[in-house]
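**Q** One letter stands for each residue in the lines below.
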Amino acid sequence: MNEMSLDDITGEVNAWLDENWDPNLSLEDWRRILVDGGWATPHWPSQFFGRDFTLEQSAVVARIFNERGVVPVAQTGPRRLAAETILAMGNDDQKSRYLRPILTGEHSWCQLFSEPGSGSDLAGLSTKAQLVDGRWIINGQKVWNTSAHHADYGILVARTDWDVPKHQGISFFLIHMHQPGVEVRPLKQMNGHASFNEVFMTDAVVAAEDLVGGEGNGWAVAKTTLSYERRLGGVGRSFGGVQGDWRGRVYQEYEKELTIANEPYTWYPQRQGRVDLVLPRARETGAIQDPATRQEIARLICMQKGASLASAAAEAKRKSGSNELVPAGSIGKLAASVIARQAAHVHTLISSADAMRSGPDSAENGLVAEVLISVPAISIAGGTDEIQRNIISERVLTMPKEMRADTGPFRDIKRNE
Amino acid sequence: MQTEYTEDQEAFREVVSRFLSDKSQPAMVRELMESEEGFDSQVWQQLCSEVGLSATHFPEAYGGFGFGPVELGIIAEEMGRYIYCGPFFASCVMAGYALLASASEEAKASLLPEIATGSTIATLVLDNLNSPALVGESLTAREGRLSGNAPLVVDAQNASTLIVIAGEASGLGLYCLATDATGVQIAAVEALDSTRKLASVSFANADVRKIGDISRNTLEQIWDYLCVALAHEMIGGAQHLLESTVDYTKVRYQFGRPIGSFQSLKHRCADLLMEVEFAKAVTHHAAFCLAAGDGEPYVASMAKAMAADTYMKAAKEAIQMRGGIGFTWEEDTHLWYKRAKSSEVFLGTPAMHRERMMSLMEETA
Ligand SMILES: Cc1cc2nc3c(=O)[nH]c(=O)nc-3n(C[C@H](O)[C@H](O)[C@H](O)COP(=O)(O)OP(=O)(O)OC[C@H]3O[C@@H](n4cnc5c(N)ncnc54)[C@H](O)[C@@H]3O)c2cc1C
Chain V
1 MNEMSLDDIT GEVNAWLDEN WDPNLSLEDW RRILVDGGWA TPHWPSQFFG RDFTLEQSAV
61 VARIFNERGV VPVAQTGPRR LAAETILAMG NDDQKSRYLR PILTGEHSWC QLFSEPGSGS
121 DLAGLSTKAQ LVDGRWIING QKVWNTSAHH ADYGILVART DWDVPKHQGI SFFLIHMHQP
181 GVEVRPLKQM NGHASFNEVF MTDAVVAAED LVGGEGNGWA VAKTTLSYER RLGGVGRSFG
241 GVQGDWRGRV YQEYEKELTI ANEPYTWYPQ RQGRVDLVLP RARETGAIQD PATRQEIARL
301 ICMQKGASLA SAAAEAKRKS GSNELVPAGS IGKLAASVIA RQAAHVHTLI SSADAMRSGP
361 DSAENGLVAE VLISVPAISI AGGTDEIQRN IISERVLTMP KEMRADTGPF RDIKRNE
Chain X
418 MQTEYTEDQE AFREVVSRFL SDKSQPAMVR ELMESEEGFD SQVWQQLCSE VGLSATHFPE
478 AYGGFGFGPV ELGIIAEEMG RYIYCGPFFA SCVMAGYALL ASASEEAKAS LLPEIATGST
538 IATLVLDNLN SPALVGESLT AREGRLSGNA PLVVDAQNAS TLIVIAGEAS GLGLYCLATD
598 ATGVQIAAVE ALDSTRKLAS VSFANADVRK IGDISRNTLE QIWDYLCVAL AHEMIGGAQH
658 LLESTVDYTK VRYQFGRPIG SFQSLKHRCA DLLMEVEFAK AVTHHAAFCL AAGDGEPYVA
718 SMAKAMAADT YMKAAKEAIQ MRGGIGFTWE EDTHLWYKRA KSSEVFLGTP AMHRERMMSL
778 MEETA
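Residue numbers (my numbering), protein chains in the order written: chain V, 1 to 417; chain X, 418 to 782.
Derived from the structure by calculation, the hints contain no laboratory data.
Source: prediction; values computed, not measured.
A couple of the hints might just be wrong.
Pair ranges (Cβ atoms, derived) [stated by the list, open to error]: (1) V/Asp-406 x X/Ser-661: 30 to 36 Å; (2) V/Arg-63 x X/Phe-482: 34 to 40 Å; (3) X/Ala-768 x V/Glu-67: 40 to 46 Å; (4) X/Gly-712 x V/Asp-406: 47 to 53 Å; (5) V/Thr-384 x X/Gly-673: 33 to 39 Å; (6) X/Glu-660 x V/Asp-406: 29 to 35 Å; (7) X/Glu-747 x V/Ser-358: 37 to 43 Å; (8) X/Gly-710 x V/Arg-63: 47 to 53 Å; (9) V/Ser-120 x X/Glu-453: 56 to 62 Å.
Ideal Cβ positions, reconstructed from N, Cα and C, are used throughout, including at glycine.
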C-alpha cells in the first residue's frame, strides 16, 4: 500500500501534469509518458506501471485527469480483461511484454473462451492445444468473440489433457491473432450489429512462453478473467471520451481511436436499458402522469438504487477485510439484467404504440427501439443469469451443488458433436 | 453522511440481538400472541431500564441517549428478526417521534422521560394508517374537545397515554389524554398478526389537552421516520426468513437428495438474496439520510416499499419451500408471514409509497 495522503496526491498529480501533459503530443507519445510516469493505472503495483494506490487514492487521480481534460490510457474492448488477468496471473516476462502496449493502445485484445459446444459449461471446451517442437499448436473453433475482428491478441483457453477431469486439462494462452492459422468471421446479431465473431484456429501457433499459469492450470486463470468480467459489467464498454471543449492533436487522435473502437459497441449502452432516458422521456411525453407507468418507473428507480447501494456496501466489506462471502460480481450482474429488462418494459409503456417503430425517425433517434432489441444480450453475455443464480446459491448461500454428469476423464463425457 | 455502520453500532447490534434472541424465542412469541396484552411486562422493564433500548433515540435532555434513526433502525431490525412482542413501536417510535417533532417544550419534558424509562406506555392515535395525506379527516378537535374514531391503533389497550393527531378547523393539532379519560373508548380489534396488538379508539367529546401544532409537512416527516423504522423491522424479518428457509432446504430430502439441490429452489433463493440485499441497503441508507438530514427526499418511501415487497416475497417463499409443514400452525414460519402481511399495509401499501416517491421526486425535479 502507498501511504500518500489524498492532498499530497492531488499536489503531485497536478505538478506532474504541469510538467508533462501537452495536448499537442501524438496519442502514442503521450500515453508512453503517462504509462511510464505511473499515473495511468495507479492502483497497479509500482513494479508494473502503477503506484500501489488504493481505490480511494486512484479516484483522486481520475478526478484530476477528468477536470483537466487529460486523455487516459486505452480502455476499450476486452483489453482490460486481458490486462487484469495478465497482471494477476502472468509471470514477470509476460507482464513486461504485454501490459504496456495494452495501455498505450498499440495492441487490442479479444477473449477466446466460448465455443459452439460449450458456453455456460466453459470447462467443457474442446479446442485442442498440443506441444510440438517447443511450440503450442492450436486447433478448434471459438464463437461469440467480441472484437476479435480487430484484435491483435487473444486470451485463449484450450484443452491440453483429455484424460483428466475436465477442469484439470485446460491451459490458458496468449495468442497472436495475425497469423495464417487464425481466421475471424463476423456474426450478425439480432439487433443488426456485428460486434462478435467466430474464430477458427487451424494449426495456429502459440510460443511456449505465452502459456499463462502453467500447463493444466488454465481454469484458475480463466476464473480470474471471469471474476473481472463480472465486476466490470462485461467487456467492450463504450467510452465517451474526454468531457469538455479541449483542443490539440492528442484529442483528435483519441477521438479517432474511440470512433473505431466503439463502433461495434454503439449498442452496448442500449442493452443496459438506458435508464438515464426514462425520466426525461416520461416527462416529455407526459407518460409521467399515468399512474401505472409511475408505479413501474418507481420500481425501476428502487432496483437501481438498491443495486448501487448494495454493491457499495459489498465493496466496503471487501475492503475492511471481512470474511463474509459477498459475491458482489454475480449479484451485480444479475441486478444489471433485471434492471435492463425493467427499463425496457418502462420504455415500452412510455412509447406505447410508437414502440412499433424503429430507426432514426423513432424515439431518441432510434435508441429506444435499439434498447428493446438489445436487452436480451445482457442476461447471456459474460455468463447467463441462470449461471449467476447457480453461483449465488452455491457459493453464498452454500446450497447443495447440482448432481453432476461430467465427472471423470474428459474423454468420456457426453458432449455436443 | 454515514455510508456504513461504525464499529460501535455493530457492537450495539450484538447487544440488542443477544437480548432478543434470549427474550423473544418463538415459544415465548406464541405465548404472548395468545394473551390479551401481548407482551411480557418484565421483559419490557428489562428492555427499557436495563438495556435502555426505549430511550435510544431521544435527546439526552429528555432522558434519552441522544442517538438517532440509525441506532433505532438497528433495534427495529433485530426486533423484526425475533418478532419482539411489546409496545416498543407504538410507544417509543410512534408516540415518541410525534412528540419529538411537534410537541411543546413543556409536553416533551413531561412525557418523553417517562416513555424513555418505559413507565409510561403511550401510543399514537392516527385516524388513517394508509397515507399521511388522509390523516385528520375523522378525528377532529374543536375548542378542547375531541371527537371521532380511529379504527386501528397499535397497542392502545396497553397504553396509559394517547397522543392524538386530529384535524382542526384549519390544519392539524397534536393532543394528549389519558386512556381512562371520560369520553374515550378503547376496544381490542382482532388482528391478522396477533403479535402486534390492535385496538379501535373512539372519542365522544373528550376533554383533551393540546400540546402542539402539526403542519402537513411535519406529519409527512413523522411518517418518514416511522416508515424507516418499520422498514428496518421488515428487513430483519426478511433476513430471518431467507436464512431459515435456506437452512431448511439443506436438510430436507426428497428424491434421494436435499431439496436445496433442486435448481428451481436454488434460483429463487438467489433472487431472494438479491432482493433482501437491495432492500437492506436502501433501508440502511434511508436511516443514514434521516440522521444526516440529507439524501433523496423520497428515501423513506423507497425503503418502505422495497422492504414490504421483499418481506412478503420472503414470507411466501418460506412457506412454499417448506411444503405442507409450512402451512401448519405448529411450524413457526406463519408468525413471520403474518407480520410481513400486516407490515406490508401498515403506514401505506407499497403502491402508495411508490406513488409518494414519484410525487416527491417530481416536486423537486
Ligand atoms: C453480446 C455477447 C457477447 C459475447 N462476448 C463473448 C466474448 O467476447 N468472448 C467469449 O468467449 N464469449 C462471449 N460471449 C458468449 C457468452 O459467454 C455465452 O453465450 C454464454 O456464456 C452462454 O453460453 P451459450 O451461448 O453456449 O449458451 P448455453 O450454455 O448453451 O445456454 C443455453 C441456456 O441453458 C442455460 N443453462 C446452461 N447451463 C445451465 C445450468 N448449469 N443451469 C441452468 N441453466 C443452464 C443457460 O442459462 C441458457 O439459458 C458473448 C455472448 C454475447 C451474447
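**Q** Taking the hints in turn, state whether each one holds.
**A** How the hints compare with the structure:
no. : hint                              : verdict
1   : V/Asp-406 x X/Ser-661: 30 to 36 Å : holds (33 Å)
2   : V/Arg-63 x X/Phe-482: 34 to 40 Å  : holds (39 Å)
3   : X/Ala-768 x V/Glu-67: 40 to 46 Å  : holds (43 Å)
4   : X/Gly-712 x V/Asp-406: 47 to 53 Å : holds (49 Å)
5   : V/Thr-384 x X/Gly-673: 33 to 39 Å : violated (28 Å)
6   : X/Glu-660 x V/Asp-406: 29 to 35 Å : holds (31 Å)
7   : X/Glu-747 x V/Ser-358: 37 to 43 Å : violated (58 Å)
8   : X/Gly-710 x V/Arg-63: 47 to 53 Å  : violated (26 Å)
9   : V/Ser-120 x X/Glu-453: 56 to 62 Å : holds (58 Å)
Figure legend: structure checked against the earlier numbered hints; hints not met, in rising order: 5, 7 and 8.
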